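Protein chains: 4
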Amino acid sequence: MYEIDLDRPKEACGIFAVYNHPEAAKLTYFGLYALQHRGQESAGIVVSDGKEVREHKAMGLVPDIFDEQILETLKGSIALGHVRYSTTGSSLLVNAQPFRVLYAGKSVSIGHNGNLVNAREIRRELESEGSIFQTTMDSEVVLHLVAKTMREGLEKSIIKTMGKIRGAYSMVIMAEDTLIAVRDPHGFRPLCLGRLDSGYVLSSETCAFDLVGARYMRDIEPGEILIIDKAGMKSIRPEKRFPLAHCIFELIYFARPDSNVFNQNVYIFRKEQGRLLAEEFPRDVDLLMPFPDSGNYAALGYAQASGIPLEMGVIRNHYVGRTFIQPSQSMRDFGIRVKLNPVRELLRDKRVLIIEDSIIRGTTARTRIRGLREIGAREVHMLVSCPPHRFPCHYGIDFSTRGELIAATKSIEEIRKFIGLHSLDYLHIDNLVRATTVPRDELCLACFDGEYPVPIDESGGKFCLEE
Amino acid sequence: MYEIDLDRPKEACGIFAVYNHPEAAKLTYFGLYALQHRGQESAGIVVSDGKEVREHKAMGLVPDIFDEQILETLKGSIALGHVRYSTTGSSLLVNAQPFRVLYAGKSVSIGHNGNLVNAREIRRELESEGSIFQTTMDSEVVLHLVAKTMREGLEKSIIKTMGKIRGAYSMVIMAEDTLIAVRDPHGFRPLCLGRLDSGYVLSSETCAFDLVGARYMRDIEPGEILIIDKAGMKSIRPEKRFPLAHCIFELIYFARPDSNVFNQNVYIFRKEQGRLLAEEFPRDVDLLMPFPDSGNYAALGYAQASGIPLEMGVIRNHYVGRTFIQPSQSMRDFGIRVKLNPVRELLRDKRVLIIEDSIIRGTTARTRIRGLREIGAREVHMLVSCPPHRFPCHYGIDFSTRGELIAATKSIEEIRKFIGLHSLDYLHIDNLVRATTVPRDELCLACFDGEYPVPIDESGGKFCLEE
Amino acid sequence: MYEIDLDRPKEACGIFAVYNHPEAAKLTYFGLYALQHRGQESAGIVVSDGKEVREHKAMGLVPDIFDEQILETLKGSIALGHVRYSTTGSSLLVNAQPFRVLYAGKSVSIGHNGNLVNAREIRRELESEGSIFQTTMDSEVVLHLVAKTMREGLEKSIIKTMGKIRGAYSMVIMAEDTLIAVRDPHGFRPLCLGRLDSGYVLSSETCAFDLVGARYMRDIEPGEILIIDKAGMKSIRPEKRFPLAHCIFELIYFARPDSNVFNQNVYIFRKEQGRLLAEEFPRDVDLLMPFPDSGNYAALGYAQASGIPLEMGVIRNHYVGRTFIQPSQSMRDFGIRVKLNPVRELLRDKRVLIIEDSIIRGTTARTRIRGLREIGAREVHMLVSCPPHRFPCHYGIDFSTRGELIAATKSIEEIRKFIGLHSLDYLHIDNLVRATTVPRDELCLACFDGEYPVPIDESGGKFCLEE
Amino acid sequence: MYEIDLDRPKEACGIFAVYNHPEAAKLTYFGLYALQHRGQESAGIVVSDGKEVREHKAMGLVPDIFDEQILETLKGSIALGHVRYSTTGSSLLVNAQPFRVLYAGKSVSIGHNGNLVNAREIRRELESEGSIFQTTMDSEVVLHLVAKTMREGLEKSIIKTMGKIRGAYSMVIMAEDTLIAVRDPHGFRPLCLGRLDSGYVLSSETCAFDLVGARYMRDIEPGEILIIDKAGMKSIRPEKRFPLAHCIFELIYFARPDSNVFNQNVYIFRKEQGRLLAEEFPRDVDLLMPFPDSGNYAALGYAQASGIPLEMGVIRNHYVGRTFIQPSQSMRDFGIRVKLNPVRELLRDKRVLIIEDSIIRGTTARTRIRGLREIGAREVHMLVSCPPHRFPCHYGIDFSTRGELIAATKSIEEIRKFIGLHSLDYLHIDNLVRATTVPRDELCLACFDGEYPVPIDESGGKFCLEE
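Listed in order, the protein sequences are those of chains A, B, C and D.
For the first sequence, my numbering assigns the number 373 to the initial residue and increments by one for each residue that follows.
For the second sequence, my numbering assigns the number 373 to the initial residue and increments by one for each residue that follows.
For the third sequence, my numbering assigns the number 373 to the initial residue and increments by one for each residue that follows.
For the fourth sequence, my numbering assigns the number 373 to the initial residue and increments by one for each residue that follows.
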């Protein structure tokens with residue numbers, strides 16, 4: 373959907389890069405297109421033909437930003453692309469990525485997914501030495517660090533930079549004839565390597581490999597620096613191992629169901645959530661349904677495990693666009709039905725079970741449930757396929773633009789009343805972990821249990837560079 | 373979906389109108405938005421404040437054509453809106469509707485859904501008397517006929533006009549202070565009347581009433597002329613009754629599942645198709661699935677009747693836009709996966725049953741089935757929830773831009789081979805009729821059985837005014 | 373200048389047409405571009421390749437409306453183009469010309485310059501017979517009349533039409549393989565015929581011939597119908613001669629100085645106005661100047677005849693655009709200087725004589741003169757190179773959007789005071805006539821003397837079809 | 373004119389700034405609009421309300437870039453604006469000015485007019501210390517230098533920066549609550565200070581003061597640093613005096629005739645050039661004329677001194693826009709007449725003298741002269757109101773995009789033949805200097821005599837940072 377639902381979490385970014393392919397820009401376009409769900413605010417592609425570096429960035433969606441004519445100007449066999457959703461609230465073109473600078477007359481670009489927890493601190497240091505900045509992004513800080521030690525060579529420079537920065541980061545750096553993929557030592561965010569003809573591709577998710585016909589090779593390892601250049605591929609791995617902390621929310625929410633993330637298929641993971649939900653919370657209802665598309669796969673899992681009929685009881689309007697006009701005050705209830713219209717004939721007098729993947733602020737759910745009751749549903753129950761979200765994320769997810777995590781301040785019973793449900797339950801955290809193939813101590817579950825794997829900046833709270 | 377799938381049938385139009393509401397234009401905007409699936413080529417709204425008539429029309433989708441500023445200029449309490457998909461192949465702004473003319477210094481506008489079978493004949497007559505035309509649309513012919521007898525009053529004039537025109541037509545005519553709804557005597561296309569506050573609304577489908585919060589009152593009756601003006605509502609019904617011929621394809625395909633059409637809920641009709649399909653053709657497979665969204669509801673019906681697990685085995689990219697760039701020749705297989713990506717981990721080594729709502733040319737199905745086999749599906753079966761389409765439609769549906777109805781020239785076995793399936797079957801026409809609440813002799817089934825309720829123009833074949 | 377100066381007269385239109393040239397549309401584009409000064413509101417080109425007729429029209433200036441891509445779609449060797457400034461106040465795309473209709477499946481287009489005085493009357497007649505209209509333009513009335521008698525052939529039909537319409541009209545009608553030029557029997561507005569390679573061109577002014585490299589042949593004669601088709605060129609001249617009435621304002625104001633109009637060069641005519649002004653009104657001043665570009669040529673004539681130094685004492689900003697932002701209330705005096713800035717060092721303490729080509733409302737002149745006095749000009753005198761405008765025009769010139777002809781209600785002395793001048797005089801009408809090569813009884817001088825050559829519609833006053 | 377004439381010199385920039393006015397952005401808009409002739413490639417405005425800094429920049433002309441809505445978002449009482457024509461050939465938005473960076477969380481912006489001759493050298497030094505760049509502009513180098521020493525305070529930092537940079541520069545730097553105007557010690561480019569209500573304005577030329585109603589106070593002195601903040605105005609002047617080098621081409625060509633530059637009125641200077649030209653080169657011709665608008669004022673001066681009649685013998689099309697379509701190959705001579713059409717009736721059989729302000733490549737002149745001869749001018753003579761341009765400029769003027777100064781390689785006689793003239797002469801350099809009020813040793817005449825006041829970068833030739 374194009375419009376922004378304030379009641380859904382927002383991701384930082386998607387990255388896609390190509391090394392050694394004659395249609396690098398076009399492949400990157402398709403790759404970004406497959407990753408569009410990871411960022412709808414701006415997109416950009418930087419391309420190098422070994423001599424010249426060209427770029428195109430703009431606010432908006434990938435298919436609106438690029439056309440044949442623009443792609444044709446982006447000549448070269450190395451490309452780096454990025455889609456972005458701001459984690460800091462400032463939606464400006466200057467913050468669109470890849471971020472590109474000139475160093476010694478050469479172009480260095482970066483595409484970044486994640487959030488550094490000590491960026492502010494480093495920035496202060498750099499400024500005290502006379503550095504000036506264009507943006508408020510972490511990525512610019514990273515490039516300043518790289519430039520400071522560049523005389524020792526790009527490789528050493530990146531090792532030193534990784535020694536300074538802390539937090540969640542999967543990033544790709546493009547110099548004129550080199551592509552470097554870097555993943556933080558905890559492995560918060562995904563980043564995959566693939567093969568396409570005689571070239572290489574890098575992507576935040578494997579679904580982009582499917583689209584361009586690339587073959588998945590492996591994940592970039594936590595802490596790894598992968599350098600691809602004319603000499604081939606070279607990997608630098610950290611001496612010290614850090615505890616892993618794969619973001620569970622990538623599996624629950626961000627990744628497309630047709631992607632594999634942390635070596636696990638997302639569709640099957642989500643169905644398993646539903647199966648475990650059926651095991652933990654059997655319900656006596658006439659039918660069950662998701663709101664498209666948030667709980668689709670858990671709903672399938674629950675239906676297959678329980679035998680309760682699955683219905684698609686609310687119909688989505690496929691033409692919802694970004695610029696949709698707001699109903700007038702006197703039409704204020706339209707909002708509910710613009711995107712989703714419940715099928716009255718199906719739901720009237722029925723006991724309905726809704727399967728949801730998450731509740732952040734609870735306001736959208738409340739409106740939708742009211743809509744179901746207005747058309748005559750007898751009972752409305754809800755099951756959420758993960759535990760309550762009680763803690764903010766410092767590693768790149770913006771759970772709520774207003775900091776209003778309903779579960780941070782309300783009990784489940786209070787949430788049930790707020791939304792207007794007959795019953796409400798959340799999957800137990802143990803069952804959530806059971807649904808994954810990842811060991812519990814290699815997951816970041818901080819949004820559920822408050823245990824942050826990497827301590828945050830002294831400035832505390834939500835990290836924000838905005839003046 | 374924004375892009376045009378050449379392998380799906382195309383509808384002529386959707387109509388929405390409002391009488392006596394201070395926000396007539398905005399309501400109409402929302403109404404058209406809910407009817408967008410009936411026409412994506414152009415849209416327009418004409419509004420009257422009793423004195424002045426204003427309009428805005430453009431090529432494209434409703435949310436792209438109108439914005440707050442434009443809607444604010446469309447002042448008045450009577451409005452007529454229209455979304456159009458051309459049945460004649462000419463996509464020009466001049467053909468966008470509502471079509472508006474000046475007669476005796478007054479504005480008369482028309483929104484039309486359907487296809488006249490004797491428009492060419494009437495046009496020739498009019499031209500021989502010196503009439504000049506702006507467009508090639510049926511609607512202009514209708515307004516010329518109305519103007520010819522206007523001196524006897526609008527009411528008589530419309531009765532006379534209906535005596536001349538033949539074919540499928542649901543239309544709304546707006547004079548400066550009057551709204552007139554007309555439906556052809558056979559009732560081919562739907563048209564409903566609703567109530568909103570102290571005003572009236574007219575819509576092609578009831579889902580638009582849900583969105584604007586209107587209450588459905590009744591269908592405009594076949595042959596009825598409904599006049600709404602300051603004096604209230606007045607109905608003129610034909611003396612003679614014609615045989616009814618409700619278009620079955622409205623139920624099978626065009627209408628939104630949350631609409632009621634011909635007094636029947638579309639969602640429930642489609643599930644019933646699936647249930648009867650399960651009864652007629654039981655299959656021994658591991659899972660069943662639709663391609664979103666063409667066979668969704670029949671698939672639910674089949675799954676519930678058979679107990680076979682339903683899966684959403686192909687993932688749709690929600691960001692597919694109209695201007696999507698074509699993959700290069702070397703990337704030609706991308707096309708399959710740009711919109712829909714199958715979940716490899718789910719489908720590999722499985723026996724898969726696809727439920728489809730129709731096969732027109734068969735080319736899209738062929739590409740998709742190939743995609744399933746490439747990722748390792750063991751067997752792929754297909755069931756279609758209606759009989760084979762063997763005959764063209766003369767009443768407003770453009771089954772194929774190239775006239776290539778695969779079932780018109782190929783046997784079911786040949787189609788199965790063409791698409792590359794393990795098995796293929798179609799719902800029997802008797803079962804299709806059983807799924808409806810409409811008696812068989814009140815349905816138009818011409819696309820399946822070739823029995824056309826209204827004989828077509830002497831010029832034969834597809835009606836077309838294009839030079 | 374792009375922006376609209378309310379204090380300048382507005383012309384109806386410019387016409388340009390091409391017969392038999394492979395680049396007809398592109399030539400027409402250039403022709404309209406040269407005629408842009410005759411209409412800045414909308415422009416359009418209709419082209420025929422003998423089979424198909426294509427068109428492009430839009431609001432705005434010629435170079436903004438057309439680009440290479442659009443011109444390439446306008447294939448054909450016959451073209452008709454039009455630039456328009458509305459005389460009726462309604463600025464809608466539907467009123468852009470050429471106006472095109474379908475008659476008997478064929479395209480007939482018209483480009484019209486002038487104003488009919490009995491259009492309303494004819495329109496009423498047509499409506500009483502059931503005719504419907506798209507626009508409020510005279511041109512549509514003309515095409516209805518043509519269609520009514522079309523069965524007798526295009527030629528007869530046009531003769532009959534000319535028998536019905538009265539007023540000022542130069543027009544070109546384009547059927548699929550024919551171009552017909554028509555000029556009213558009084559010859560109010562210009563229309564010229566030229567030769568280009570093996571084809572013909574028609575233009576409102578000869579300056580367009582210069583631009584496209586065409587050779588001027590002759591003016592279309594008053595009352596002439598010139599038909600150009602495959603058979604060659606054929607001329608139908610009226611039996612009866614009407615008194616000629618060439619619009620003096622074409623020479624004074626509308627035509628470009630590099631055009632010849634009514635067989636007279638405009639530049640030389642205007643210099644002659646200045647020379648006669650010097651003869652009639654010698655002035656003892658330090659310098660003389662025009663406001664660019666309204667009195668340029670008369671100023672040259674005056675300077676050469678008198679020996680008084682000519683200066684370009686106000687500097688024009690060449691970048692004034694249509695969308696110029698208005699100064700705030702507190703900056704209200706900006707308006708004067710945005711377009712024209714006087715050169716303080718040149719004008720301070722000087723006795724200045726301004727040469728103007730006309731004063732309509734007097735408000736712009738007043739503001740400008742105030743500007744001159746503010747920077748220290750000692751005396752400011754003005755001479756106008758024609759008599760005072762006392763009467764409205766019924767033949768296509770909109771002297772003022774508010775009907776405020778200052779000379780209609782004020783004496784010259786009152787105007788002098790209103791504008792704030794030391795002295796003010798107007799060229800005597802006899803001198804104005806002396807400056808032309810046209811006999812006095814072949815000129816329309818109605819705006820100066822109120823003698824209208826063609827009586828106007830019974831409805832009286834300013835002709836207006838707007839509801 | 374909007375389109376770019378390759379045969380005219382190009383200026384770097386215009387600057388306009390406002391301190392302490394509630395409508396700072398709107399005033400700056402008007403100021404830039406008056407300075408549009410100094411740069412048509414891009415424009416930008418940065419505004420500070422003391423707390424937040426906002427900006428808007430884009431490619432194109434001022435009235436196209438800004439509208440009411442955008443200006444309303446630019447809130448604040450301090451503003452800095454800039455119009456730019458690239459001297460380096462790269463026309464990218466990233467190079468649009470003002471250039472803005474963040475330093476220690478605060479915004480610092482710069483608007484720059486001129487060209488540094490040692491920017492490349494400084495850039496290399498900065499890069500060796502790890503600095504990264506966004507652009508190839510001098511302005512970014514300046515801001516890096518400022519940031520390096522910022523800890524010592526903005527004032528000291530700017531003094532140190534001016535100690536490092538060499539060349540031509542007039543610039544304005546805007547910190548959040550301070551405006552700093554700086555002019556290089558030689559005074560190459562103009563920069564003026566004015567007063568408006570209780571605020572201050574800075575402008576490249578005085579014509580912008582006229583438009584906004586500001587009062588001219590004085591020029592920023594060569595080498596001066598003027599700091600305007602809450603404490604008032606403070607001036608830092610260099611201890612050492614450098615030889616002055618005012619660019620003569622500002623008077624000859626760049627500045628608007630209604631501006632005063634280097635304390636001299638431009639209009640009067642140019643008329644004086646014409647008067648001296650008449651003295652130096654009397655000609656026996658029938659008339660003299662400029663090509664609008666390049667030699668207008670010198671032509672006036674010549675005409676008044678000689679008594680030869682001045683004519684405006686070529687008519688300009690006021691609607692020439694940026695996107696003008698090129699004539700086809702077969703119409704290749706159109707180019708001459710699209711902008712300027714000679715008046716045949718005036719010039720035929722005449723001996724014509726053209727007054728020009730400069731000849732750079734000579735190609736445009738050649739085409740125009742051919743046009744005059746084609747319409748029958750008997751003799752065409754030309755006088756140029758300055759000496760031949762023989763040397764490139766290193767201080768910000770791009771005389772020719774291809775480095776083709778015709779006078780660098782051809783004698784006057786060869787140029788005469790190339791252009792196709794009966795005679796050609798250039799004003800003597802002594803007469804040029806006589807036309808000014810500036811002593812000869814305070815002028816930069818390098819483009820005529822090759823004596824460069826500031827030695828250029830070791831890299832030699834045209835300064836260029838482009839990779």
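Keep in mind the hints are simulated off the structure, nothing from the lab.
What you are looking at is a predicted structure, and each value in this text was computed from that prediction instead of being measured.
Mixed in with the good hints there might be a few duds.
One copy or any two copies: either way a pair holds, since identical chains are not told apart in the list.
[What the hints assert, rightly or not] Subject to a maximum C-alpha distance of 27 Å in a straight line, what follows is the list of computed BS3-like cross-link-like pairs (lysine-lysine): (1) LYS478 to LYS782; (2) LYS447 to LYS722; (3) LYS602 to LYS722; (4) LYS782 to LYS612; (5) LYS478 to LYS536; (6) LYS782 to LYS520; (7) LYS447 to LYS612; (8) LYS612 to LYS789; (9) LYS528 to LYS447; (10) LYS520 to LYS536.
Verification of the supplied hints:
| no. | hint | in the structure |
| --- | --- | --- |
| 1 | LYS478 to LYS782 | neither (54 Å within a copy, 40 Å between copies) |
| 2 | LYS447 to LYS722 | neither (59 Å within a copy, 42 Å between copies) |
| 3 | LYS602 to LYS722 | neither (64 Å within a copy, 42 Å between copies) |
| 4 | LYS782 to LYS612 | neither (41 Å within a copy, 67 Å between copies) |
| 5 | LYS478 to LYS536 | both (24 Å within a copy, 24 Å between copies) |
| 6 | LYS782 to LYS520 | neither (48 Å within a copy, 51 Å between copies) |
| 7 | LYS447 to LYS612 | neither (40 Å within a copy, 52 Å between copies) |
| 8 | LYS612 to LYS789 | neither (49 Å within a copy, 58 Å between copies) |
| 9 | LYS528 to LYS447 | neither (29 Å within a copy, 46 Å between copies) |
| 10 | LYS520 to LYS536 | both (12 Å within a copy, 23 Å between copies) |
In the structure shown, a violation is registered for the earlier hints numbered 1, 2, 3, 4, 6, 7, 8 and 9, in ascending order.
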